[in-house]
Amino acid sequence: MHFATFTTASILALASSALAGKAAVKNNCPQDVYLTITRQDQSHTQQKLAANGGYYSEQLQGQGNSYGLTKNTDYYSPNTAKLIWGASDSAGVVYYSLNNVDGNPFDGQSVSLTGNQPNCPAVTSVDGSTKACSDANDFTLTVC
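The sequence shown maps to residues -20 to -1, 1 to 124 in mature numbering (1 follows the signal peptide of the UniProt record, and there is no 0).
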C-alpha cells in the first residue's frame, strides 16, 4: 500500500510540474543585455543575453521570482536602470508585473510580456500593475 501511495503521489507531482508554464526572455536589441534572476530566498544568477536574439527559458515555479534586465553587469548598483519582471506561481495562478527601477533601461525601445494563452493579459507598457493568469501559460518577455 505504501508503494501505491508513493507511486500515485509521484505521478501527480510529475503531472502538475508538466502543466506548469515557462518563463522566457528574448533580447532583440542591437546590444547585449544582462538577465539577473533572483529567487524568494535572495539567491541569484546572472547571464548575458546576446544582441539580436539572445534567449533564456526556464520552468516558472514558486513565488518571488524576479527577472531583471540591465544593459550592464552591475545589477545591484543604484545607478543601474533595471526592467524587472516579477512572477509568483500560487495555487495554479501566476501573478506578474513589469516595473522599472532606478530608470528605464529600454527608454524609447519596445518591451512586451506576452503569453501563449489568449485569456492572459499582455503587458506592453511598464506600469507596475499586477496581472494574473493560469500557470499553464508560457510567458515571454521581449525587449526591442
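One thing to keep in mind: the hints can contain errors.
[Said to hold, decoys possible] As a list, the in silico SDA-like pairs of lysine to any residue whose alpha-carbon atoms are at most 20 angstroms apart:
1. K28 x Q43
2. K6 x V73
3. K2 x G34
4. K111 x Y56
5. K111 x N45
6. K28 x K111
7. K51 x Q27
8. K2 x N52
9. K111 x T122
10. K28 x G42
11. K28 x D69
12. K6 x N32
13. K6 x Q22
14. K51 x A71
15. K2 x Y56
16. K6 x G72
17. K6 x A71
18. K2 x Q26
19. K2 x T25
20. K111 x G34
21. K111 x Y55
22. K28 x G72
23. K2 x Q39
24. K51 x N79
25. K51 x Q97
26. K28 x T16
27. K51 x P98
28. K2 x Y55
29. K28 x Y55
30. K51 x Q39
31. K2 x E38
32. K51 x V73
33. K51 x S90
34. K6 x D21
[Said to hold, decoys possible] Label pairs and their calculated CB-CB ranges:
35. S70 x Q22: 17 to 25 angstroms
36. S114 x N59: 16 to 24 angstroms
37. N99 x P10: 27 to 35 angstroms
38. A30 x G72: 17 to 25 angstroms
39. A30 x P98: 15 to 23 angstroms
40. G33 x D118: 26 to 34 angstroms
Worth flagging that the hints you see were computed from the coordinates, not collected in a lab. The structure displayed is predicted, hence computed values, not measured ones. Even for Gly, the Cβ is constructed at its ideal location relative to N, Cα and C.
| field | Given pair status - Y56, K111, alpha carbons within 20 angstroms | value | Violated - the C-alpha atoms of Y56 and K111 are around 26 angstroms apart, more than 20 angstroms.
| said: Hint check: K6 vs A71, CA-CA at most 20 angstroms. Holds or violated? | reply: 27 angstroms, violated
| said: Range first: 15 to 23 angstroms. Now tell me if the beta carbons of A30 and P98 are that far apart. | reply: For P98 against A30, whose Cβ atoms are near 31 angstroms apart, the range 15 to 23 angstroms is violated.
| Regarding the pair K6 and D21, is the alpha-carbon distance no greater than 20 angstroms? | Violated. K6 to D21 sits at ~25 angstroms, over the 20 angstroms cutoff.
| query | Given the hint that K51 pairs with Q39, does the C-alpha gap stay at or below 20 angstroms? | reply | 24 angstroms, violated
| 20 angstroms Cα cutoff - pair K2, N52 | 25 angstroms, violated
| message | With the threshold set at 20 angstroms, check whether the alpha-carbon distance from K28 to G42 stays at or below it. | response | 24 angstroms, violated
| message | Need the status of pair K51, N79: alpha-carbon distance at most 20 angstroms? | response | 16 angstroms, holds
| said: What's the verdict on K2 and G34, does the C-alpha distance respect the 20 angstroms limit or exceed it? | reply: Since the Cα atoms of K2 and G34 sit roughly 16 angstroms apart, the hinted pair holds (cutoff 20 angstroms).
| message | Run the distance test for K51 versus V73: straight-line Cα separation, threshold 20 angstroms. | response | 31 angstroms, violated
| query | Would the pair K51 and Q97 pass a check requiring their Cα atoms to be no farther apart than 20 angstroms? | reply | 30 angstroms, violated
| request: With a cut-off of 20 angstroms on the C-alpha distance, tell me whether K51 and A71 pass. | output: 34 angstroms, violated
Of the numbered hints stated above, those contradicted by the structure are hints 1, 2, 4, 6, 8, 10, 11, 13, 14, 15, 16, 17, 20, 21, 22, 25, 27, 28, 30, 32, 34, 36, 38, 39, 40, listed in ascending order.
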